[in-house]
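K.L.:
These are the residues of each chain, in order.
Number of protein chains: 2
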Amino acid sequence: MVADRTRQRAQIVGTGLIGGSIGLGLRRRQWFVTGSDVNPDRTARALELGVLDAVGTDPDAAVTFVATPAGAVTQACLRALEQSGGGFVTDVAGVKGPVVKGVEDPRFVGGHPMAGSEQEGVDGADPDMFEGATWVLTPTTHTDPVAFATVRSVVSQLGANVVELPASRHDDMVALVSHVPHLTAATLMNLAADTALEHATLLRLAAGGFRDMTRIAAGDAVIWPDVCAENRDGILEVLDRLVGALGEVRRVVATGDRDLLLKTLERARQARVNLPAGVPSSEDTVEVRVPVPDRPGVLAEVTTLLGEMGINIYDLEIAHSAEGQRGVLVLVVDAAATGRVRDALHERDFRCSFRPLGP
Amino acid sequence: MVADRTRQRAQIVGTGLIGGSIGLGLRRRQWFVTGSDVNPDRTARALELGVLDAVGTDPDAAVTFVATPAGAVTQACLRALEQSGGGFVTDVAGVKGPVVKGVEDPRFVGGHPMAGSEQEGVDGADPDMFEGATWVLTPTTHTDPVAFATVRSVVSQLGANVVELPASRHDDMVALVSHVPHLTAATLMNLAADTALEHATLLRLAAGGFRDMTRIAAGDAVIWPDVCAENRDGILEVLDRLVGALGEVRRVVATGDRDLLLKTLERARQARVNLPAGVPSSEDTVEVRVPVPDRPGVLAEVTTLLGEMGINIYDLEIAHSAEGQRGVLVLVVDAAATGRVRDALHERDFRCSFRPLGP
Chain A
0 MVADRTRQRA QIVGTGLIGG SIGLGLRRRQ WFVTGSDVNP DRTARALELG VLDAVGTDPD
60 AAVTFVATPA GAVTQACLRA LEQSGGGFVT DVAGVKGPVV KGVEDPRFVG GHPMAGSEQE
120 GVDGADPDMF EGATWVLTPT THTDPVAFAT VRSVVSQLGA NVVELPASRH DDMVALVSHV
180 PHLTAATLMN LAADTALEHA TLLRLAAGGF RDMTRIAAGD AVIWPDVCAE NRDGILEVLD
240 RLVGALGEVR RVVATGDRDL LLKTLERARQ ARVNLPAGVP SSEDTVEVRV PVPDRPGVLA
300 EVTTLLGEMG INIYDLEIAH SAEGQRGVLV LVVDAAATGR VRDALHERDF RCSFRPLGP
Chain B
0 MVADRTRQRA QIVGTGLIGG SIGLGLRRRQ WFVTGSDVNP DRTARALELG VLDAVGTDPD
60 AAVTFVATPA GAVTQACLRA LEQSGGGFVT DVAGVKGPVV KGVEDPRFVG GHPMAGSEQE
120 GVDGADPDMF EGATWVLTPT THTDPVAFAT VRSVVSQLGA NVVELPASRH DDMVALVSHV
180 PHLTAATLMN LAADTALEHA TLLRLAAGGF RDMTRIAAGD AVIWPDVCAE NRDGILEVLD
240 RLVGALGEVR RVVATGDRDL LLKTLERARQ ARVNLPAGVP SSEDTVEVRV PVPDRPGVLA
300 EVTTLLGEMG INIYDLEIAH SAEGQRGVLV LVVDAAATGR VRDALHERDF RCSFRPLGP
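As you go down the protein sequences, you meet chains A and B in turn.
If you number the first sequence the way numbering that gives the first Met the number 0 does, the last residue is 358 and the count never jumps.
If you number the second sequence the way numbering that gives the first Met the number 0 does, the last residue is 358 and the count never jumps.
There may be inaccurate statements among the hints.
[As the list claims (entries may be wrong)] Cross-link-like lysine to any residue pairs, in silico, SDA-like; alpha carbons within 25 angstroms at most:
(1) Lys262/B - Gly70/A
(2) Lys262/A - Gly218/B
(3) Lys262/A - Gly70/B
No lab work stands behind these hints, which were simulated from the structure alone.
Next comes chain A alone, as it looks inside the complex (with noise of 0.2 angstroms):
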């Protein structure tokens, strides 16, 4: 196979569901692309599949995405960085302090895509699937500012915005907002079983809040111990504050204090409110809230309804009142839709309501 000198060249380690995608969305944007994996079978189908120009290594290539298992990724990064003739090298991982201490080559700037699908394998990737996603890239004091730039602007070719972070910051902050609340969420699970198992009616009375809350914890279980023990001193703390803060929660409850109380729920419920949704523009949308009754079309009728309208939904979810089965429809919209939307569902008769979600 000959290479195509006149296109930009970029080389995937690892042809997953995650390098898959970056292979994809480059190769559209006329990047010529190669890929190496320790599965034959995986570049075989990659290259079936569209997502590779090439099997095997390329030395010429100006960058060098690593995508294998969190357990390889520093060894793959050294690698890359040996066998390439000067390109910049990145990776995926979940997890930075351990890769960037690996792996402290002014050619390197570890990365990682906030992005993810429930597809597995290279069968599941996606050109589009960074198109909006934040992309976390921790530079340090050895990175060259080029490498940097350049890791950078591949990355927003792809569509996503960059955020730079120290690896350390990084990985305190996926521990608060990843980790820790898997772990909690598999915590509240596991005593909610063990009561059950006793008293099979305790699941009965588990609604809505309970099922939102816990939802987490149904996810693949494999990929933890490696995340734990790679960010292990960040989700420690973590926890540390997370029972610290509970602890207080108990002393508030236990002295019956009611306006200490009130304050703390209302702060967080301040802070949940203004949470930013998933969507491009979140100082944009609002909030429209349905009440649904449970029958055959009923959701059909309201999404039909606002997609004949040529409004997108961000968002949807049914949230069910804190102790109730009965749905409430919740859509995240456009702003600037908000009067197309009421007047449209009133005049079908539904009940709804509006909150802008602020910034």
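Position chain B against the provided structure of chain A, taking the given hints into account.
P.N.:
Okay, now just chain B, sitting in the frame of chain A:
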């Protein structure tokens, strides 16, 4: 107003959302319903909405439902027992211990309908609110079996499924599946908000999992001082268990015991996957997962398709991947419809996967 002596007679004390829904439900089933409220505007509105046949007290009511705010329940139950000429009394408060202790009367049965609505006040009242809902009754050794049988029968007429539990068990269980999860979600949200004050980027890293987990913290804070005061002991016990379990997770992360961590998370995953959905017959339903691109009309397309086929969607949510923004539409439908749903989705080029929701 002369009461119709040929109809069964019920009385509502507190004509808000729940009291109003009970009134509507019973009147639809030909009961004669009298109601009172500390606020005469509310009874006037209830009469206007058809919630009541008459305003006032009815000493001949077979059953009185006390549906006042939590703090007023015990006194209102005692008063209803005094004024009633032998009828039975029940309540709808979310914490049962204090009420059952305060109203030790053979003619009283504590109750807690696990139902609610986004709507507030009697204007949100709905005769179908309790259809398929779990309604806990908490008789004691003092309770007249006829009182229990009568209340059970009336509640069943409203379409609810009665679960009988000792008051203390009920309170421990709701501490575990409702009260402590709420306090934990609020605590996590506050930890993130504290950090976000310094680092606005943090919340950009908070993806779907964190949003799901903290969603309940967005609920109204005002009810919680009462709930925490009334279920103080149950909440403190579960908080202690949670903190203990988090300490154990901390130990496993700190020592790097990969096998135990995997086992713990896998156990939680299994339990969450088997958590019954809020649907009448969870053994006969199936979860359908459909990856959906973010464009106008796609949700409508899926829900319309199913609506046109007469397939009821019992539950619906957009599940976000652990770190991504893209959605997977998760639907719960009758297991019997699996084949038809699969064929219809495949015909429209949607990928989908199915998972039975076992008991």
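K.L.:
Now, for every hint given, state plainly whether the structure supports it.
P.N.:
Going through the hints against the structure:
The hinted pair formed by Lys262/B and Gly70/A meets the criterion: a straight-line CA distance of about 20 angstroms does not exceed 25 angstroms. For the given pair, Lys262/A sits about 14 angstroms from Gly218/B by alpha-carbon distance, which is consistent with the 25 angstroms threshold. Proposed proximity of Lys262/A and Gly70/B is supported: the alpha carbons are some 20 angstroms apart, at most 25 angstroms.
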